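Please build the complete structure, drawing on both the sequences and the hints.
Protein chains: 2
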Amino acid sequence: MNPCVMKFGGSSVENIEKMQAVAQRILEKKSEGYDITVVVSAMGKTTNQLLELAHQASVNPSKREVDLLISTGEQVSVSLLSMILNEKGHPTVGLTGFQAGIKTSGLHTKNKIEDIDIEKVSRHLREGKIVVVAGFQGLNQDGDITTLGRGGSDTTAVALGAKLNCRVEIYTDVDGIYGIDPRLYPQARKIDVISYEEMKEMAFLGAKVMEPRSIEIGHRFRVEIIVASAHTRTPGTLIKEFDPTMENKSITGLSVSERVILVSINHLPSGPKHTADLFIRLAQNEINIDMISQTHTPDGFVNLAFTASFDDAPLINDVLKQVTDKYEDVIISTDTDIVKISVVGMAMRTQSGVAATLFELFADHDIDYKLITTSEISISYTIDRVLKEKAVHLIALAFHL
Amino acid sequence: MNPCVMKFGGSSVENIEKMQAVAQRILEKKSEGYDITVVVSAMGKTTNQLLELAHQASVNPSKREVDLLISTGEQVSVSLLSMILNEKGHPTVGLTGFQAGIKTSGLHTKNKIEDIDIEKVSRHLREGKIVVVAGFQGLNQDGDITTLGRGGSDTTAVALGAKLNCRVEIYTDVDGIYGIDPRLYPQARKIDVISYEEMKEMAFLGAKVMEPRSIEIGHRFRVEIIVASAHTRTPGTLIKEFDPTMENKSITGLSVSERVILVSINHLPSGPKHTADLFIRLAQNEINIDMISQTHTPDGFVNLAFTASFDDAPLINDVLKQVTDKYEDVIISTDTDIVKISVVGMAMRTQSGVAATLFELFADHDIDYKLITTSEISISYTIDRVLKEKAVHLIALAFHL
Numbered sequence: 001m002n003p004c005v006m007k008f009g010g011s012s013v014e015n016i017e018k019m020q021a022v023a024q025r026i027l028e029k030k031s032e033g034y035d036i037t038v039v040v041s042a043m044g045k046t047t048n049q050l051l052e053l054a055h056q057a058s059v060n061p062s063k064r065e066v067d068l069l070i071s072t073g074e075q076v077s078v079s080l081l082s083m084i085l086n087e088k089g090h091p092t093v094g095l096t097g098f099q100a101g102i103k104t105s106g107l108h109t110k111n112k113i114e115d116i117d118i119e120k121v122s123r124h125l126r127e128g129k130i131v132v133v134a135g136f137q138g139l140n141q142d143g144d145i146t147t148l149g150r151g152g153s154d155t156t157a158v159a160l161g162a163k164l165n166c167r168v169e170i171y172t173d174v175d176g177i178y179g180i181d182p183r184l185y186p187q188a189r190k191i192d193v194i195s196y197e198e199m200k201e202m203a204f205l206g207a208k209v210m211e212p213r214s215i216e217i218g219h220r221f222r223v224e225i226i227v228a229s230a231h232t233r234t235p236g237t238l239i240k241e242f243d244p245t246m247e248n249k250s251i252t253g254l255s256v257s258e259r260v261i262l263v264s265i266n267h268l269p270s271g272p273k274h275t276a277d278l279f280i281r282l283a284q285n286e287i288n289i290d291m292i293s294q295t296h297t298p299d300g301f302v303n304l305a306f307t308a309s310f311d312d313a314p315l316i317n318d319v320l321k322q323v324t325d326k327y328e329d330v331i332i333s334t335d336t337d338i339v340k341i342s343v344v345g346m347a348m349r350t351q352s353g354v355a356a357t358l359f360e361l362f363a364d365h366d367i368d369y370k371l372i373t374t375s376e377i378s379i380s381y382t383i384d385r386v387l388k389e390k391a392v393h394l395i396a397l398a399f400h401l
Numbered sequence: 001m002n003p004c005v006m007k008f009g010g011s012s013v014e015n016i017e018k019m020q021a022v023a024q025r026i027l028e029k030k031s032e033g034y035d036i037t038v039v040v041s042a043m044g045k046t047t048n049q050l051l052e053l054a055h056q057a058s059v060n061p062s063k064r065e066v067d068l069l070i071s072t073g074e075q076v077s078v079s080l081l082s083m084i085l086n087e088k089g090h091p092t093v094g095l096t097g098f099q100a101g102i103k104t105s106g107l108h109t110k111n112k113i114e115d116i117d118i119e120k121v122s123r124h125l126r127e128g129k130i131v132v133v134a135g136f137q138g139l140n141q142d143g144d145i146t147t148l149g150r151g152g153s154d155t156t157a158v159a160l161g162a163k164l165n166c167r168v169e170i171y172t173d174v175d176g177i178y179g180i181d182p183r184l185y186p187q188a189r190k191i192d193v194i195s196y197e198e199m200k201e202m203a204f205l206g207a208k209v210m211e212p213r214s215i216e217i218g219h220r221f222r223v224e225i226i227v228a229s230a231h232t233r234t235p236g237t238l239i240k241e242f243d244p245t246m247e248n249k250s251i252t253g254l255s256v257s258e259r260v261i262l263v264s265i266n267h268l269p270s271g272p273k274h275t276a277d278l279f280i281r282l283a284q285n286e287i288n289i290d291m292i293s294q295t296h297t298p299d300g301f302v303n304l305a306f307t308a309s310f311d312d313a314p315l316i317n318d319v320l321k322q323v324t325d326k327y328e329d330v331i332i333s334t335d336t337d338i339v340k341i342s343v344v345g346m347a348m349r350t351q352s353g354v355a356a357t358l359f360e361l362f363a364d365h366d367i368d369y370k371l372i373t374t375s376e377i378s379i380s381y382t383i384d385r386v387l388k389e390k391a392v393h394l395i396a397l398a399f400h401l
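Taken in order, these protein sequences are the chains called A and B. Each residue of the first sequence is one higher than the last, beginning at 1 in my numbering. Each residue of the second sequence is one higher than the last, beginning at 1 in my numbering.
Here are the computed lysine-lysine pairs in the DSSO-like style, where the Cα-Cα straight-line distance is at most 30 angstroms:
1) K63(B) with K120(A)
2) K29(B) with K63(A)
3) K110(A) with K120(B)
4) K129(A) with K103(A)
5) K45(B) with K18(A)
6) K103(B) with K112(A)
7) K88(B) with K45(B)
8) K88(A) with K110(B)
9) K63(A) with K129(B)
10) K103(A) with K103(B)
11) K103(A) with K129(B)
12) K112(B) with K103(A)
13) K88(B) with K63(A)
14) K321(B) with K88(A)
15) K45(B) with K45(A)
16) K120(B) with K120(A)
17) K326(B) with K370(B)
18) K110(B) with K326(B)
19) K63(A) with K30(B)
20) K18(B) with K45(A)
21) K63(A) with K120(B)
22) K103(B) with K120(A)
23) K103(B) with K63(A)
24) K63(B) with K88(A)
25) K88(A) with K45(B)
26) K129(A) with K112(B)
27) K112(B) with K120(A)
28) K30(A) with K63(B)
29) K120(A) with K110(B)
30) K18(A) with K63(B)
31) K110(A) with K129(B)
32) K29(B) with K88(B)
33) K120(B) with K112(A)
34) K63(B) with K129(A)
Everything labelled a hint here was simulated from the structure, so no lab data went into it. Keep in mind that this is a model prediction, so the values were computed, not measured.
Structure follows, in structure tokens:
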């Protein structure tokens with residue numbers, strides 16, 4: 001077997017005509033001798049339309065039933081794409097998540113892939129079929145249909161690549177990964193090769209092309225991932241193991257997260273049990289905290305600030321309400337008029353000058369920041385939204401992105 | 001447990017508003033102390049819209065993928081109805097066919113229920129939940145999603161009733177079973193109680209309220225079925241075991257099948273292997289033959305005529321083509337400008353006058369018929385379509401329907 005996984009997103013399969021083009025692309029790849037597993041998302045805006053229906057049915061629809069509902073979206077595109085490929089003369093088989101053996105766990109609408117029983121997919125591939133698998137969905141231990149949350153179809157594709165031990169090709173509306181989003185900085189350059197670490201960091205930090213979870217799986221199982229355009233034949237970006245030839249640039253990318261909420265909690269009683277209580281509540285609601293910063297006051301209180309996705313704002317406000325109910329003196333404020341700017345590069349591990357250059361740049365141009373966080377290969381700042389473009393251009397110029 | 005199965009068709013759940021009314025109806029029943037399993041069809045015209053998409057994707061879409069596609073219709077209505085019931089304060093669980101343990105076999109798009117692993121449904125009922133099950137679908141031995149063909153949701157409901165050993169209530173747009181379709185004969189009377197045999201015969205013979213398959217299952221497992229209006233509180237028709245109190249009328253009903261094709265095959269070589277060959281080919285294509293009539297000629301040939309559903313006309317023509325290819329001298333003609341009129345009644349078993357009355361009626365009023373078939377409790381005639389209304393009125397008057 002010479003397996004290959006190809007993944008097409010919702011906009012690539014939004015109607016039958018576009019599916020025809022996708023089918024053509026798949027058959028070209030097939031004619032190169034690959035045994036192809038295709039992963040597809042729901043057609044166009046289907047998932048949102050189904051969610052709309054759910055909210056007509058119920059103010060707060062049961063998440064289990066939401067999964068049952070929205071998982072139909074991929075099932076429809078799988079069956080139609082399978083029919084089209086079949087019509088073009090190739091044996092195919094369309095599989096839902098559960099049929100493809102995708103086992104998940106976690107909270108409904110935010111499940112994680114636990115394992116894939118690859119036997120069925122492999123058998124169909126051995127029989128020469130093109131296997132079309134529904135992205136974004138699986139079955140949990142209770143036999144309930146689940147979905148994987150944002151970027152879930154990428155996760156399905158990479159997990160299948162891990163099990164089939166092959167390369168995964170993610171076809172999107174962009175032709176690869178850029179050091180900076182070209183909409184923010186038109187002179188941005190496309191990256192030919194990037195390491196899992198850098199890509200993961202960029203994804204975490206807001207580059208929206210791929211979700212960090214899928215890159216994490218790719219990294220863990222050493223799955224080479226290509227991100228390329230569904231519409232052109234331009235070579236895309238290869239995401240792979242870091243190797244020293246990648247080390248010749250100081251930073252790889254800059255990403256900007258727009259939908260950020262900054263929460264500041266002042267005058268919380270000191271002591272790990274109080275902060276732990278807060279973060280456990282946030283975690284129980286599956287709210288992903290991004291940046292965290294904490295300081296102490298001499299009179300025994302803690303000032304805490306964190307950022308999270310703006311999408312989680314309603315959930316966060318619920319948790320904050322619980323905090324104010326519990327601690328009378330606490331002062332809470334939230335700010336959504338900010339963006340997070342992050343620079344990423346493996347070189348930061350070895351070149352200490354990167355952070356210094358950034359601090360100097362911001363000081364020279366009067367760009368104030370509220371939170372700073374660093375990882376081994378990145379540094380992030382929250383700045384006021386109005387300063388976004390100025391900061392992006394300064395950094396891009398300084399680091400030749 | 002005090003189980004009850006309620007089934008709602010596509011027009012009863014065609015939008016959220018109608019689903020709200022259905023939910024209200026379910027909760028009323030629940031408040032009477034029943035443990036309720038609901039079976040729903042796809043919303044309104046969803047199945048047809050999905051089939052339309054399939055035909056855009058492929059001239060001759062793979063039936064396996066058609067099943068994968070159209071089964072999403074019931075999954076959507078199950079999840080939405082479950083959300084609505086849940087919103088109204090009742091614990092619910094929505095289940096697809098495979099989740100409800102419905103095991104099927106046969107040709108895709110025309111599967112039959114083999115068995116139901118009722119454990120999961122029972123467990124949810126014991127936990128006090130309203131269980132909402134997708135009608136019309138199941139899973140076959142290969143783990144492929146299947147659908148049950150026309151009337152499939154009724155079949156799902158009655159099969160669940162058989163497993164749960166309880167009454168099944170079929171909610172429709174009509175308020176019960178009539179001796180004659182009121183659209184054909186406005187003075188028609190609703191039947192309060194009817195035996196499985198009569199109902200099955202009427203369904204076979206064209207009364208469209210229920211498919212014969214579901215009544216057959218009801219009969220075999222002694223499931224009491226009520227057919228009633230989804231919109232009013234009028235008592236419906238109870239379908240149950242025959243008992244002598246039903247015997248006081250000579251015929252129960254008259255039904256008319258509109259979509260009939262009459263095939264006449266003349267000059268086929270005599271001998272059972274030739275007719276068997278024809279009927280085996282028809283069966284392999286899952287074409288249901290209705291009336292059959294055969295005569296012999298002195299010179300060793302057979303003249304054969306049969307009727308089938310007009311929907312199967314393309315498949316039938318394929319088979320007829322094979323026959324003409326094989327037997328050069330055969331002469332084949334088809335007629336679709338006919339209807340089949342049938343009268344049904346348990347009384348025919350004991351009252352020999354029914355058939356005589358009919359023949360006399362037809363002779364007196366010059367109504368010519370091409371094929372006649374009889375069963376223990378019915379007699380059917382094919383007549384020209386133009387004579388339909390005349391025949392219906394004559395029979396209704398003669399037998400006080």
